[in-house]
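A.B. asks: Here is what each chain is made of, one letter per residue.
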Amino acid sequence: EPEVTQTPSHQVTQMGQEVILRCVPISNHLYFYWYRQILGQKVEFLVSFYNNEISEKSEIFDDQFSVERPDGSNFTLKIRSTKLEDSAMYFCASSFQGSYNEQFFGPGTRLTVL
Amino acid sequence: GDSVTQMEGPVTLSEEAFLTINCTYTATGYPSLFWYVQYPGEGLQLLLKATKADDKGSNKGFEATYRKETTSFHLEKGSVQVSDSAVYFCALSGTQGGSEKLVFGKGTKLTVNP
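For the protein sequence lines, the chains are X and F, in the order given. Just so we're aligned, residue 1 is where the first sequence starts under this note's numbering, counting upward by one. Just so we're aligned, residue 1 is where the second sequence starts under this note's numbering, counting upward by one.
The shape of chain X in the complex, shown without the other chains (with noise of 0.2 Å):
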């Protein structure tokens, strides 16, 4: 059954480092999104991504966030210099279409900044 996957599964880095978190959605997908889950808290939408570009995003994600699909398989968050308050388990999902059809997740990867 086809999967989204995303690596690594745990980061950790340094306060004003930058990081880039990879996905590789379901093949045949054509929407994407980046979700996080800071640690007690509830699951946040950061951004959404369809035909190479942003199609919504909030307002968590600022300046210091980008997505990029570089290739047809692989799509990216970049935090370009980490906060301490950016730990959270990052997720990504795909879709075929876009709203009301199923959301398909990634396992998460769990981003630590010291």
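Hints were generated in silico from the structure; no laboratory data involved. Fair warning: there could be bad hints in the mix.
Okay, derived cross-link-like pairs now, DSS-like style, lysine-lysine, Cα gap no bigger than 25 Å in a straight line [to be verified]:
hint: 1; chain 1: X; residue 1: Lys-42; chain 2: F; residue 2: Lys-68
hint: 2; chain 1: F; residue 1: Lys-106; chain 2: X; residue 2: Lys-42
hint: 3; chain 1: F; residue 1: Lys-106; chain 2: F; residue 2: Lys-52
hint: 4; chain 1: X; residue 1: Lys-83; chain 2: X; residue 2: Lys-42
hint: 5; chain 1: F; residue 1: Lys-106; chain 2: F; residue 2: Lys-68
hint: 6; chain 1: X; residue 1: Lys-57; chain 2: X; residue 2: Lys-42
hint: 7; chain 1: X; residue 1: Lys-57; chain 2: X; residue 2: Lys-83
hint: 8; chain 1: X; residue 1: Lys-83; chain 2: F; residue 2: Lys-106
hint: 9; chain 1: F; residue 1: Lys-106; chain 2: X; residue 2: Lys-57
hint: 10; chain 1: F; residue 1: Lys-106; chain 2: F; residue 2: Lys-56
hint: 11; chain 1: F; residue 1: Lys-56; chain 2: F; residue 2: Lys-109
hint: 12; chain 1: F; residue 1: Lys-106; chain 2: F; residue 2: Lys-60
hint: 13; chain 1: X; residue 1: Lys-78; chain 2: X; residue 2: Lys-57
hint: 14; chain 1: X; residue 1: Lys-42; chain 2: F; residue 2: Lys-109
hint: 15; chain 1: F; residue 1: Lys-109; chain 2: F; residue 2: Lys-60
Label pairs and their computed distance ranges (CB to CB) [what the hints assert, rightly or not]:
hint: 16; chain 1: F; residue 1: Ser-85; chain 2: X; residue 2: Val-24; range: 27 to 35 Å
hint: 17; chain 1: F; residue 1: Pro-10; chain 2: X; residue 2: Glu-68; range: 37 to 45 Å
hint: 18; chain 1: F; residue 1: Thr-12; chain 2: X; residue 2: Tyr-50; range: 36 to 44 Å
hint: 19; chain 1: X; residue 1: Glu-18; chain 2: F; residue 2: Gly-61; range: 39 to 47 Å
hint: 20; chain 1: X; residue 1: Gly-72; chain 2: F; residue 2: Thr-20; range: 38 to 46 Å
Ideal placement from N, C-alpha and C gives every residue a C-beta, glycine not left out.
Assemble the complex: chain X is given as a structure, and chain F must be docked to it using the hints.
C.D. replies: Just chain F now, kept in the frame of chain X:
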């Protein structure tokens, strides 16, 4: 903005007990409603969904009915198993001009003891 409120956990039950996890929502328009489940070490998986009022979603013995009048989507199962131990997330999408993003509740951790 849109929001989802679900029952605080953790919930601990004995095998074969009846399960209810309450979920209510606040949304503009007519959202689709979802229950996602997260097993230990895995990503979020769609458990069931309902796209319009009075729809009942069901899967693996779990059910939830979209109640527009009470803005609720409570999850129920008649007889839980140890393998149902997981975190359950209520979510909505499809409001505000067709937004694709999922808005999640905080999650309810369920532990089922033999």
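A.B. asks: For every hint, state whether the structure bears it out.
C.D. replies: Tested hints:
For the hint linking Lys-42 (chain X) to Lys-68 (chain F), the alpha-carbon distance of about 23 Å falls within 25 Å, and the restraint holds. At most 25 Å may separate the alpha-carbon atoms for a hinted pair to count; Lys-106 (chain F) and Lys-42 (chain X) meet this at roughly 4 Å. With a C-alpha separation of about 23 Å, the suggested pair Lys-106 (chain F) and Lys-52 (chain F) falls inside the 25 Å cut-off, and the hint holds. The hinted pair formed by Lys-83 (chain X) and Lys-42 (chain X) meets the criterion: a straight-line CA distance of about 19 Å does not exceed 25 Å.
For the suggested pair Lys-106 (chain F) and Lys-68 (chain F), the alpha carbons sit about 21 Å apart, so the restraint of at most 25 Å is met. About 17 Å separates the Cα atoms of Lys-57 (chain X) and Lys-42 (chain X), which keeps this hinted pair within 25 Å; it holds. In summary, the hint linking Lys-57 (chain X) to Lys-83 (chain X) is supported, as the alpha carbons are separated by about 19 Å, within the 25 Å threshold. A hinted pair counts as satisfied when its Cα atoms are at most 25 Å apart, and Lys-83 (chain X) with Lys-106 (chain F) qualifies at roughly 23 Å.
Restraint check for Lys-106 (chain F) and Lys-57 (chain X): satisfied, since their Cα atoms lie roughly 20 Å apart, inside the 25 Å limit. With a CA separation close to 22 Å, the supplied pair Lys-106 (chain F) and Lys-56 (chain F) stays within the 25 Å bound. Of the supplied pair hints, the one linking Lys-56 (chain F) and Lys-109 (chain F) holds, its CA atoms being roughly 23 Å apart against a limit of 25 Å. Note on Lys-106 (chain F) and Lys-60 (chain F): the hinted pairing holds, with a Cα-Cα distance of about 22 Å set against a maximum of 25 Å.
For the proposed pair Lys-78 (chain X) and Lys-57 (chain X), the alpha carbon gap of about 14 Å is at most 25 Å, so the pair holds. Among the hinted pairs, Lys-42 (chain X) with Lys-109 (chain F) is consistent with the structure: their alpha-carbon atoms are about 13 Å apart, no more than 25 Å. About 18 Å separates the Cα atoms of Lys-109 (chain F) and Lys-60 (chain F), which keeps this hinted pair within 25 Å; it holds. Between Ser-85 (chain F) and Val-24 (chain X) the C-beta distance comes to about 29 Å, which sits within the given range of 27 to 35 Å.
At about 38 Å, the CB distance of Pro-10 (chain F) to Glu-68 (chain X) agrees with the hint of 37 to 45 Å. For the pair Thr-12 (chain F) and Tyr-50 (chain X), the supplied restraint of 36 to 44 Å holds, since their beta-carbon distance comes to about 41 Å. The hint said 39 to 47 Å for the Cβ distance between Glu-18 (chain X) and Gly-61 (chain F), and at roughly 46 Å that hint holds. A hinted range of 38 to 46 Å holds for the C-beta pair Gly-72 (chain X) and Thr-20 (chain F), which are about 44 Å apart.
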